[in-house]
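Student: The primary structure of each chain is shown beneath.
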Amino acid sequence: MKGRIELILGGVGGQGILTIGTILGEAALQEGLFACLSSSYGTEARGTFTRSDLILSEDSIDFIEVTAPNVVLCLAQTACDRLLPVLSPGGEILFDSDQVTAADFSGISSKGYPVTSMALERGYPRGANLIALGLLVKRTGAVTPESVLSVLSRKIASRSSGNKEPLEAFTAGYSAVL
Amino acid sequence: METAGPIFASGNEAIAEGAFAAGALFYAGYPITPSSEIAEIASRRMPGLGGMFVQMEDELSSMAAIIGASLAGKRAFTATSGPGFSLMQENLGMAVMGEIPCVVVNVQRSGPSTGMATKPAQGDVMQARWGTHGDHGIITLVPSSVQDCYDLTIRAFRLSEEFRTPVILLADAAIGKVREGVRYYPPTEEEKGVRPLPDCPPSDYRPFAFGGATPPLPPFGGDYIYRITGSMHDERGGQAANPGTADRVIRHLTEKIEGKRDRIVSVRSLALEDAEVAVCSFGCSARSSKAAVRSARNRGIRAGLLELTTLWPFPDGEVRSILSRVKAVIVPELNLGQVAREVERLNDFSCTVVRVNRVDGGLLKPEEILAAIEEGAS
Amino acid sequence: MTNLAYRDYLAEEKLPTIWCPGCGNGTVLRALLQAFAALKLDPGKTVAVSGIGCWGWADDYIRVNAFHGTHGRALPFATGIALANPDLTVIALMGDGDGATIGGNHLIHAARRNVNVTALVANNFNYGMTGGQYSGTTPSGSTTSTSSLGHMEEGFDLCSLAAAAGAPYVARGTVAEPAKLARLIEGGLARRGFSFVEALSPCPTHFGRFNGAKTPWEMLRELKTTSLPLGILADREKEDYGKRYARAAGGERKEGSA
Chain A
7 MKGRIELILG GVGGQGILTI GTILGEAALQ EGLFACLSSS YGTEARGTFT
57 RSDLILSEDS IDFIEVTAPN VVLCLAQTAC DRLLPVLSPG GEILFDSDQV
107 TAADFSGISS KGYPVTSMAL ERGYPRGANL IALGLLVKRT GAVTPESVLS
157 VLSRKIASRS SGNKEPLEAF TAGYSAVL
Chain B
17 METAGPIFAS GNEAIAEGAF AAGALFYAGY PITPSSEIAE IASRRMPGLG
67 GMFVQMEDEL SSMAAIIGAS LAGKRAFTAT SGPGFSLMQE NLGMAVMGEI
117 PCVVVNVQRS GPSTGMATKP AQGDVMQARW GTHGDHGIIT LVPSSVQDCY
167 DLTIRAFRLS EEFRTPVILL ADAAIGKVRE GVRYYPPTEE EKGVRPLPDC
217 PPSDYRPFAF GGATPPLPPF GGDYIYRITG SMHDERGGQA ANPGTADRVI
267 RHLTEKIEGK RDRIVSVRSL ALEDAEVAVC SFGCSARSSK AAVRSARNRG
317 IRAGLLELTT LWPFPDGEVR SILSRVKAVI VPELNLGQVA REVERLNDFS
367 CTVVRVNRVD GGLLKPEEIL AAIEEGAS
Chain C
518 MTNLAYRDYL AEEKLPTIWC PGCGNGTVLR ALLQAFAALK LDPGKTVAVS
568 GIGCWGWADD YIRVNAFHGT HGRALPFATG IALANPDLTV IALMGDGDGA
618 TIGGNHLIHA ARRNVNVTAL VANNFNYGMT GGQYSGTTPS GSTTSTSSLG
668 HMEEGFDLCS LAAAAGAPYV ARGTVAEPAK LARLIEGGLA RRGFSFVEAL
718 SPCPTHFGRF NGAKTPWEML RELKTTSLPL GILADREKED YGKRYARAAG
768 GERKEGSA
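Chains as they are written, first to last, in our numbering: chain A, 7 to 184; chain B, 17 to 394; chain C, 518 to 775.
Calculated directly from the structure, the hints in this document are not laboratory data. Each hint should be verified, as a subset may be incorrect.
[Claimed, not checked] Covered stretches of chain A (chain B as the covering partner; in silico rule of three or more C-beta atoms under 8 Å from a C-beta of chain B):
#	segment
1	28 to 40
2	70 to 80
[Unchecked claim] Heads up, simulated BS3-like pairs for lysine-lysine below, C-alpha to C-alpha not over 30 Å straight-line:
#	chain 1	residue 1	chain 2	residue 2
3	C	LYS697	C	LYS531
4	C	LYS697	C	LYS731
5	A	LYS161	A	LYS8
6	B	LYS208	C	LYS562
7	C	LYS741	C	LYS731
8	B	LYS208	A	LYS8
Since this is a predicted model, take the numbers as computed values, not measurements. Note that CB positions come from ideal geometry on N, CA and C, so glycine has one too.
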């Protein structure tokens, strides 16, 4: 990646928004980039709106929040409702079309994918966030898929189960973007 | 823990790792948002380090327990946020008066009282300085990045041992929770500092001295039998509530820190050499300020940044120096002017001091600071 | 191990104490030092942690390591010391203000946590040092400088409280029977884990004067016939926090290295 990319990752608590932000950040560090992930959150409860701001840059990062997002990811209707107004000109909304069903995208660059159904079809409902990560990486080119796979492999290796589902989910998301 | 390349970690994680790297072997605390991660990490890591973790019934007792552990010879720390920091003031004073090294991390959140638990603020600047009653010196360091969290925690432990005093690491919710690249390294012996042992015969040992060097503090359990007290005391730690002693003790508690500010105070400068407008900030607001200063420079405004990584003792000399040579000093902070008032106190130069404040739980946006810079430059 | 007489633990150069004539604290102090001597405690390996109030001065008269802390917090200071160095004998010296009132929460949690600390509460049923205000143990109906109508609240039965909170060793004695009191303290110090010993002690200057101008002698006689149960009230084996932590941590380290 050249220059700087700003992403906002929106969803609800329990979807693993922070997890994919962390994976992207780790992948970026591996590529020698700077990364900064900040989150705003409410009380520690599942199901409430969460937002993570991720900045990836060739240069060091001063202000820690996103000011002009290149891409806003929305994995829940409430996230879309709240984040649509912060989209900057030229920015793009990437959303889970199973979750975000009522939004006016007129005049906005937007792209929806059935992330939830894709995860269910794989028999891996918890992997929706990783499918979304695949979409995000393909559409932004923020980091290479190899970096993400290497981060994911490292995380899997540190767990006892060691299954390959996360890698496959990411790859499925990555491949879904043509 | 040592890492080859940078790892992606939160400020809270880096604070905990910094403490372990500095040799901390005792953690006592009461969980509170947004600092609880530090307690959780200490709980997981202490057993493997041969250390001890205990979750106490409140912050009064957490502060007391780390004081006790420090006297028993362990490097000890606790972490909290505003409401807990308020409760710790009682025994923070005990650590000041008893001259007991320990590190207190305050990951600031919006207040007063319960306020907004998850939202960042910088409203505990004065609480860190004067929260416990009575005159005394205090050391307070402020990180503005995850790397700072690691580095300054190590420094906090060293300063606490060198000056036999509690040291406050005044972080904030934004820096405690943000994830960035950080490099963990094993600190050198000098960076860690050591707690010196007395070399006099036990019968000659005095735990206190007023004026001159503060005596070493041997751990309880060795050959040196002594008394530590929070009451007014003589050199032996005996009760001594008389005017002469009180005067010497209180002046000593202030002077041992204020008189050595050269060894404590640290600041960072960005583009100050030719600056006509200076921004003076700290912690998360220094990050916003940095972005604003860069934007200003891009617009041809000669702006610079003085970042205070030590808040107490306040960097009087450094702040005076910018006040004496710029048109305006902008002071962005997430409170209503706690540091700005310190800057104004030093303003013998008719410099314009502009406050930029935010207290709604959000971070200062670089644009807000940039607007103040532009106004200051005009 | 040492072979010291109780007087060897006493900082005689500091005498006379600040305590009033007829006060029970001197007797509690002697019982404590007798317990030290009976157990041959090494002064270098012993730490007395005191709170605030008349009894808070006790550590000033003892030749062991001492920590004179803030009001009510003797137990948390002692907790830190004991957990950081399990080889120390740590005794927390508290009055009823420290132990039952401002520090009451620390008492129940220290008992529940079962740290290796002996708590010795000298209970004189009021705040003696500051003019005789009521405390958490002041009996209902009694007069103090802040209960002129007669005390409206019930006082704590501290031993029942400590036992219910899980303290392995709980005992109550009085300064009317000082030899017994010394043995109860010795029992607490000898048992690893949290021990709670309450010493009932007269405050003729305030509590006595406010409640019928009783003489110290009358107050002692009353203590002997107290309705509160005396003697050892709980005595049970429980692994203390430090040992349990070390055992669990040792297991984890072993697993980690395998």
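Student: It remains to establish, for every hint, whether it holds in the given structure.
Tutor: Hint check results:
no. : hint                  : result
1   : 28 to 40              : holds (count 6)
2   : 70 to 80              : holds (count 3)
3   : C:LYS697 <-> C:LYS531 : 26 Å, holds
4   : C:LYS697 <-> C:LYS731 : 24 Å, holds
5   : A:LYS161 <-> A:LYS8   : 27 Å, holds
6   : B:LYS208 <-> C:LYS562 : 28 Å, holds
7   : C:LYS741 <-> C:LYS731 : 15 Å, holds
8   : B:LYS208 <-> A:LYS8   : 39 Å, violated
Going through the hint list in order, the structure does not satisfy hint 8, though it satisfies all others.
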